[in-house]
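A.B. asks: Here are the chains, one letter per residue:
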Amino acid sequence: MTQQQMQPLMRETASQTAGPYVHIGLAPRQAGFEIFENNFGSVLTNDKTKGERIRIEGRVFDGIGTVLKDVLIESWQANAAGKYAHPGDRQPGKEVDPNFRGWGRSCTDFDTGIYTIDTIKPGVVTGRNGGFMAPHINLWIVARGINLGLNTRMYFSDEAEANKKDAVLNVIEWEQRRATLVAQREDKGGQVVYRFDIRLQGEAETVFFDV
Amino acid sequence: MGRPPATDAEYLMRDTTSHPIALTPAYKTSVLRSPRLAPISLEQSLSEVTAPVFRPEELGALDNDMIMNCAKDGLPIGERIVVHGYVHDQLGRPVSNALVEVWQANASGRYRHKKDQYIGALDPNFGGCGRMLTDANGYYAYRTIRPGPYPWRNRINDWRPAHIHYAISGNGWVQRLITQMYFEGDPLIATCPILRGVPSEEQIRGLIALQDRGAFVQLDSRAYRFDIVLRGQRATLFENAVQGAKQ
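Chains C and B supply the protein sequences, listed in that same order.
Heads up: the first sequence begins at 1 in our numbering, then just goes up one per residue.
Heads up: the second sequence begins at 1 in our numbering, then just goes up one per residue.
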């Protein structure tokens with residue numbers, strides 16, 4: 001036992017919903033005003049970023065199929081080499097890309113409900129204890145009516161073989177639910193688009209993770 | 001406090017009894033937006049224990065000053081306050097370099113947001129958003145105008161207690177937390193359907209900032225103290241590594 005484990009644990013601060021006006025704090029331009037010089041957004045790449053350019057595009061549905069227009073989604077992913085830009089990633093032989101942080105923030109459009117993330121396809125990250133993980137992007141979803149932010153992962157339809165071996169997909173006992181985590185690759189006028197819709201509830205409810 | 005954790009150490013299992021459950025019918029919007037199926041438990045990997053690292057130069061000098069960061073031709077209306085506190089993890093370690101983002105209504109209870117239709121007046125000199133990084137001790141501070149309570153369409157005469165929204169990004173993706181801070185003594189706290197979704201009085205108390213007499217700024221502002229606890233990060237000794245071979 002380490003000494004820390006002998007101390008009583010403090011309780012994590014309780015979560016509360018992001019509410020309808022989450023854009024003010026996290027995406028003020030979408031709320032309708034300019035205040036910060038540097039805005040966090042949904043374009044993760046610049047001209048020098050290494051990797052295949054992709055766009056993720058989708059909508060978020062409630063339990064009766066309504067398209068939600070007040071959702072905020074954050075994404076976190078490895079770079080094209082499969083390396084996270086964080087000191088905890090000590091995978092040997094992989095370099096951080098100085099032109100790619102791997103974190104984005106996107107809001108569903110107030111009119112169409114569509115969210116987009118312009119990024120690169122991540123490489124393979126080694127899993128826990130050397131296990132295999134297919135390329136994936138981590139997503140965190142908050143909105144009015146969501147009491148605790150929802151964690152999920154997005155996988156890629158053109159990685160079917162890798163997905164079959166993925167350590168996390170394989171712990172989903174209900175095999176038919178795994179498909180809710182696979183984004184469908186499309187070619188839209190020369191642009192690679194992965195369509196990834198999220199269903200909060202109801203038929204084909206997206207798999208969310210207790211991380 | 002023991003050894004600091006390694007940067008790739010895993011995080012303690014989330015105690016879900018610390019949070020509102022997904023479906024809280026008194027908060028009506030949760031009814032159709034709450035997953036019905038149990039979340040799938042996963043063992044943490046690098047994907048969960050890493051997170052974006054923010055740099056001070058990404059933030060502007062006035063980003064944590066909501067009194068001045070939107071002031072155009074005067075000062076915002078309302079009571080000037082300072083809000084400050086510490087971000088720790090569950091083991092009591094400071095969480096340094098955490099991104100703390102805050103947003104709120106103005107003194108009238110009106111948000112500067114194209115979707116807010118409340119009759120309360122907008123204040124041309126108040127934006128209502130700020131952000132900052134915690135220092136090496138996990139400390140953060142900002143100044144603002146005390147927000148007003150406001151009505152909302154839940155039950156027809158429901159009112160939100162005055163509150164400030166918080167989003168905190170710590171050292172690991174699983175520490176990401178979004179919450180709201182309330183003010184000591186607000187009578188609306190007793191009946192708020194959003195706050196009452198929190199399953200224990202102890203956890204509700206944790207969301208209520210206390211007046212901090214010692215931090216008042218003389219002839220200027222009152223102060224409130226609000227501390228935040230994020231998921232605890234283990235030490236790696238004798239524990240599973242999220243990368244590499246088993247010990």
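These are calculated hints, taken from the structure and not from any lab test.
There may be inaccurate statements among the hints.
Claimed, not checked - Where chain C lies over chain B, by a calculated footprint (3+ residues, C-beta under 8 Å):
hint	region
1	20–32
2	198–207
3	212–224
What the hints assert, rightly or not - Not the full set, but computed from the structure, chain B residues with beta-carbon under 10 Å of chain C:
hint	residue
4	Pro39
5	Leu42
6	Pro52
7	Glu79
8	Ile156
9	Asn157
10	Asp158
11	Ser169
12	Thr179
13	Asp186
14	Leu188
Every residue, glycine too, gets a C-beta built ideally from N, C-alpha and C.
A.B. asks: Is the hint on Asn157(B) kept, meaning its closest Cβ partner in chain C is under 10 Å away?
C.D. replies: Because about 18 Å separates Asn157(B) from the closest Cβ in chain C, which is outside the 10 Å limit, the hint is violated.
A.B. asks: Under the criterion of a CB-CB separation shorter than 10 Å, is Asp186(B) in contact with chain C as hinted?
C.D. replies: Violated - the Cβ of Asp186(B) stays beyond 10 Å from chain C, reaching only about 15 Å at its closest.
A.B. asks: So, as I understand it, the hint says Asp158(B) touches chain C; can you test that by seeing if any CB pair is closer than 10 Å?
C.D. replies: violated, 13 Å
A.B. asks: Are 3 or more residues of the region 212–224 of chain B near chain C, judged by a Cβ distance of less than 8 Å?
C.D. replies: Since three or more residues must qualify, the claim that chain C covers the region 212–224 of chain B is violated, with 0 doing so at under 8 Å.
A.B. asks: Checking C-beta pairs, does the region 198–207 of chain B have three or more residues closer than 8 Å to chain C?
C.D. replies: Result for this restraint: holds, n = 6.
A.B. asks: Interface hint check: Ile156(B), Cβ to nearest Cβ on chain C, cutoff 10 Å. Holds or violated?
C.D. replies: violated, 17 Å
A.B. asks: Please check whether Pro39(B) passes as an interface residue: C-beta within 10 Å of a C-beta belonging to chain C.
C.D. replies: Since chain C brings a Cβ to about 4 Å from Pro39(B), closer than 10 Å, the hint holds.
A.B. asks: Should the interface hint for Leu42(B) be scored as holding, given a Cβ-Cβ cut-off of 10 Å against chain C?
C.D. replies: holds, 5 Å
A.B. asks: Closer than 10 Å between Cβ atoms is the bar; does Leu188(B) clear it against chain C? Give me holds or violated.
C.D. replies: Cβ of Leu188(B) sits 14 Å from chain C, so the hint is violated.
A.B. asks: Would the hint on Ser169(B) be counted as holding, given a Cβ-Cβ threshold of 10 Å to chain C?
C.D. replies: holds, 9 Å
A.B. asks: Would you settle whether the hint for Thr179(B) is holds or violated, based on the nearest Cβ-Cβ distance to chain C being less than 10 Å?
C.D. replies: holds, 5 Å
A.B. asks: Check whether three or more residues of the region 20–32 of chain B sit with their beta carbon closer than 8 Å to a beta carbon of chain C.
C.D. replies: holds (count 9)
Against the hints set out earlier in the document, violations occur for numbers 3, 7, 8, 9, 10, 13 and 14.
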